[in-house]
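Enquirer: So the protein sequences, as listed, match chains A and B.
Taking the numbering used here, the leading residue of the first sequence gets 1, the next gets one more, and so forth.
Taking the numbering used here, the leading residue of the second sequence gets 1, the next gets one more, and so forth.
In short, the hints are calculated from the structure, not lab data.
Treat the hints with care, as some may be off.
Taking lysine to aspartate or glutamate pairs in the EDC-like style, the calculated list, with each CA pair at most 20 Å apart, reads [as the list claims (entries may be wrong)]:
1. B:LYS74 - A:GLU120
2. B:LYS116 - A:GLU120
3. B:LYS139 - B:GLU205
4. B:LYS145 - A:ASP115
5. B:LYS145 - A:GLU211
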Amino acid sequence: MQTLWSVWMQYLPLLLKGTVMTVELTGAALVVGVVFGFLLALGRLSHIRVLDTVATGYVEVIRAIPVLIILFITYYAFAELGLVLSGVTAAVVSLGGFYATQYGEIFRGSILGIDRGQTEAAAALGLSHAQTLRRVVLPQAFFTILPPATNQLSNLIKDTSLVFTISVADLMYQANSALSVNFLPMDMLMEAGVIYFIFYLIIAKVLGRWELNVQRRRN
Amino acid sequence: MSNDVVIRTDRLTKRFGPLSVFEEVSLEVKKSEVMAIIGPSGAGKSTFIRCLNYLHPFNQGKLDILGHTILGGKHHLPREELRDIRTRVGMVFQTFNLFPHLNVLENITLAPVEVKRVARANANERAMELLEMVGLSAKAKMYPKRLSGGEQQRVAICRALAMEPEVMLFDEPTSMLDPELVGDVLAAIRRLASDGMTMILVTHEMQFAKDVADTVVIMADHGVVETGPAREVLESPRTERAQSFLHRVLHPEEANDLIDAKMAPIGGRQ
Numbered sequence: 001m002q003t004l005w006s007v008w009m010q011y012l013p014l015l016l017k018g019t020v021m022t023v024e025l026t027g028a029a030l031v032v033g034v035v036f037g038f039l040l041a042l043g044r045l046s047h048i049r050v051l052d053t054v055a056t057g058y059v060e061v062i063r064a065i066p067v068l069i070i071l072f073i074t075y076y077a078f079a080e081l082g083l084v085l086s087g088v089t090a091a092v093v094s095l096g097g098f099y100a101t102q103y104g105e106i107f108r109g110s111i112l113g114i115d116r117g118q119t120e121a122a123a124a125l126g127l128s129h130a131q132t133l134r135r136v137v138l139p140q141a142f143f144t145i146l147p148p149a150t151n152q153l154s155n156l157i158k159d160t161s162l163v164f165t166i167s168v169a170d171l172m173y174q175a176n177s178a179l180s181v182n183f184l185p186m187d188m189l190m191e192a193g194v195i196y197f198i199f200y201l202i203i204a205k206v207l208g209r210w211e212l213n214v215q216r217r218r219n
Numbered sequence: 001m002s003n004d005v006v007i008r009t010d011r012l013t014k015r016f017g018p019l020s021v022f023e024e025v026s027l028e029v030k031k032s033e034v035m036a037i038i039g040p041s042g043a044g045k046s047t048f049i050r051c052l053n054y055l056h057p058f059n060q061g062k063l064d065i066l067g068h069t070i071l072g073g074k075h076h077l078p079r080e081e082l083r084d085i086r087t088r089v090g091m092v093f094q095t096f097n098l099f100p101h102l103n104v105l106e107n108i109t110l111a112p113v114e115v116k117r118v119a120r121a122n123a124n125e126r127a128m129e130l131l132e133m134v135g136l137s138a139k140a141k142m143y144p145k146r147l148s149g150g151e152q153q154r155v156a157i158c159r160a161l162a163m164e165p166e167v168m169l170f171d172e173p174t175s176m177l178d179p180e181l182v183g184d185v186l187a188a189i190r191r192l193a194s195d196g197m198t199m200i201l202v203t204h205e206m207q208f209a210k211d212v213a214d215t216v217v218i219m220a221d222h223g224v225v226e227t228g229p230a231r232e233v234l235e236s237p238r239t240e241r242a243q244s245f246l247h248r249v250l251h252p253e254e255a256n257d258l259i260d261a262k263m264a265p266i267g268g269r270q
């Protein structure tokens, strides 16, 4: 027990350094995914045929491709075309680009789920499409967005670990580099797993509390 | 169009694909007139009044409303024209359609502040006056979920009135309400009528139509079957279709006899 504890403690600073990168990657990819996903949802809901087609095509193709392939294309294949991206940039672009399809579909579903009477009432009051979206539809869609969005966030956190394959020094990368020196794969991988778990737990708790608060205020 | 005609429809026709909703409806509503539209369900009453503020486009015919002329067959109207019509025509729905994420006061002030750019303080003040009028000023901070159906509908009326409309459209405002809650909503509508509001009201409340409406229109079988002064139409309808409809509405107990008669052979087979 003594040795396990001391080994875990010994490598904790290194793994926490990787954790900072993991958190940053998650945050950046989440912002890209949510913003781009929102645009994709608007595109798919648009009456303008071109926007709908482009957004639908993007979602259908990208969500069907493994994140690892997207990551390698962004990092290696783009470089072949002359677009050289840093590991972190490639990671944020590919994770954000992939999760935009997930968030886009969540947003679209929630927006479509709003009762037609709501948009009719807004229209009858003279609100424009944009005003209706901003003041009536989105605030209501928010409640149905939050649970599946939290779910996707847990997937995103885990998928950030793929970036160790392009040598971005995240939590997985640090655990991997440690175990290749100390030959303690069980300890290093368990420790990294526990940190991933705690990270997710904190986020799930915070989002859950937020959801609860908003719901309580409405009742 | 004479000056005091607010709405005129000329052979308005609405179809969903091959399905006819109503054909060639021609009506005229003058300023301060209250028109009640009655008729069996499926006659196109609700769709008809939704065409008046262009929630539904129509296929053929012509609509004159508040100085705008709209010809059938157009899918979209210019944004400014649509906005002008909708800010001047208030609408109340069968299912209330209050915004559940906003409290009563916010429901009422949303459109004046967003669309008409009324100052928040003025909008609040006006909203409180309206709530006072329907006896709900104590519920201003409550969310719709906490209100009864009758209260929700009265808030919905306030929400429409907050835009200071020149015409009010009511789409079966009381048919989703428990019977004991209908009275308060009807009282609010009656008060509007006596204040001289121009109104079109789709309703199943025959007595109310008789009391409040100037004109009654009976729609059935995809069109207008009879129209005229309220009392005349409701008490001595000329057409057979109007007679049979009114008879069935006013004497629902006789429909039971009809069902019993039809049921008999089924029972007999056992």
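Enquirer: Among the hints numbered above, which are violated by the structure, and what are their numbers in rising order?
Expert: 3
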